[in-house]
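For the sequence shown, my numbering assigns the number 5 to the initial residue and increments by one for each residue that follows.
Bear in mind the hints are in silico, worked out from the structure with no lab data behind them. Keep in mind that the hints are not guaranteed to be accurate.
The calculated EDC-like cross-link candidates involving lysine to aspartate or glutamate, where the alpha carbons are at most 20 angstroms apart (straight line), are [claimed, not checked]:
#1 Lys149 to Asp167
#2 Lys111 to Glu92
#3 Lys111 to Asp163
#4 Lys149 to Asp173
#5 Lys197 to Asp173
#6 Lys125 to Asp167
#7 Lys111 to Asp167
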Amino acid sequence: MYLGKPGSLYRLGIATFVRRLTIMLVSFGLLCHFPLGEIYTSLFEAELHPVIFWICITTSTSAGLEQILPWMFYHKAIGVSTFFLFVEGRAASPSVSKVLESIPGVKVIYRTRDLEEQQAKSRIWNETWLSSFFYKPCNYELFVKQSLNMEMAIVMARDSGMDWIIHLDTDELLHPAGAREYSLSRLLLDVPKNVDMESSVESDNIKEPFTE
5 MYLGKPGSLY RLGIATFVRR LTIMLVSFGL LCHFPLGEIY TSLFEAELHP
55 VIFWICITTS TSAGLEQILP WMFYHKAIGV STFFLFVEGR AASPSVSKVL
105 ESIPGVKVIY RTRDLEEQQA KSRIWNETWL SSFFYKPCNY ELFVKQSLNM
155 EMAIVMARDS GMDWIIHLDT DELLHPAGAR EYSLSRLLLD VPKNVDMESS
205 VESDNIKEPF TE
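Sequences and hints are given; from them, build the entire structure.
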């Protein structure tokens with residue numbers, strides 16, 4: 005079964021059973037007032053939490069370092085170890101992609117002709133629930149592209165030994181509400197082994213995600 009809804013969290017390798025997760029997915033407009041050099045350096049440091057689950061994030065982005073680096077640092081701080089970044093636009097420029105490729109645990113995937121040819125053969129094109137989005141501009145095209153990228157990221161995550169994969173935009177934060185030390189792994193310990201969880205937005209009025 006295809007799992008590709010944006011803003012979602014999935015356990016890999018089990019039958020699908022979707023229910024709400026007490027994780028708050030917060031949309032935010034990140035105005036970076038942090039020293040990017042310090043954030044970049046911190047991404048090389050040891051994990052802040054003991055590894056209970058191997059957790060990765062995948063995203064499709066055209067953002068710059070001022071948005072991507074703080075976003076990565078935040079999620080690494082709560083327990084994410086690996087990032088699969090499908091980049092284009094500004095994110096694919098040499099000045100940005102070179103920095104991203106140098107960070108441990110980051111896999112940068114470019115939108116090349118080979119990638120598009122591979123995705124053209126995807127089973128997603130046979131999904132009736134997605135068919136109304138095909139061959140349309142703007143957000144329709146973006147949603148299809150995200151779905152195709154997510155399908156590839158699931159395979160990459162399984163091959164990399166990940167336990168969970170999160171599909172998240174770079175203007176969104178995952179908040180492990182109620183977890184000790186804000187550890188995403190500790191929160192996921194409470195998830196029954198036969199359950200595949202999906203997060204959903206609980207609040208959309210957050211203005212300052214790092215303080216509220």
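So, going through the hints one by one against the coordinates:
1. Lys149 to Asp167: It is violated: about 24 angstroms lies between the C-alpha atoms, which goes past 20 angstroms.
2. Lys111 to Glu92: holds (14 angstroms)
3. Lys111 to Asp163: Cα-Cα ~13 angstroms, so holds.
4. Lys149 to Asp173: Judged against 20 angstroms, a Cα distance of about 13 angstroms means the pair holds.
5. Lys197 to Asp173: Violated. Lysine 197 to aspartate 173 sits at ~26 angstroms, over the 20 angstroms cutoff.
6. Lys125 to Asp167: violated (27 angstroms)
7. Lys111 to Asp167: holds (17 angstroms)
Checked against the numbered hints given earlier, the structure breaks hints 1, 5, 6 and satisfies all the rest.
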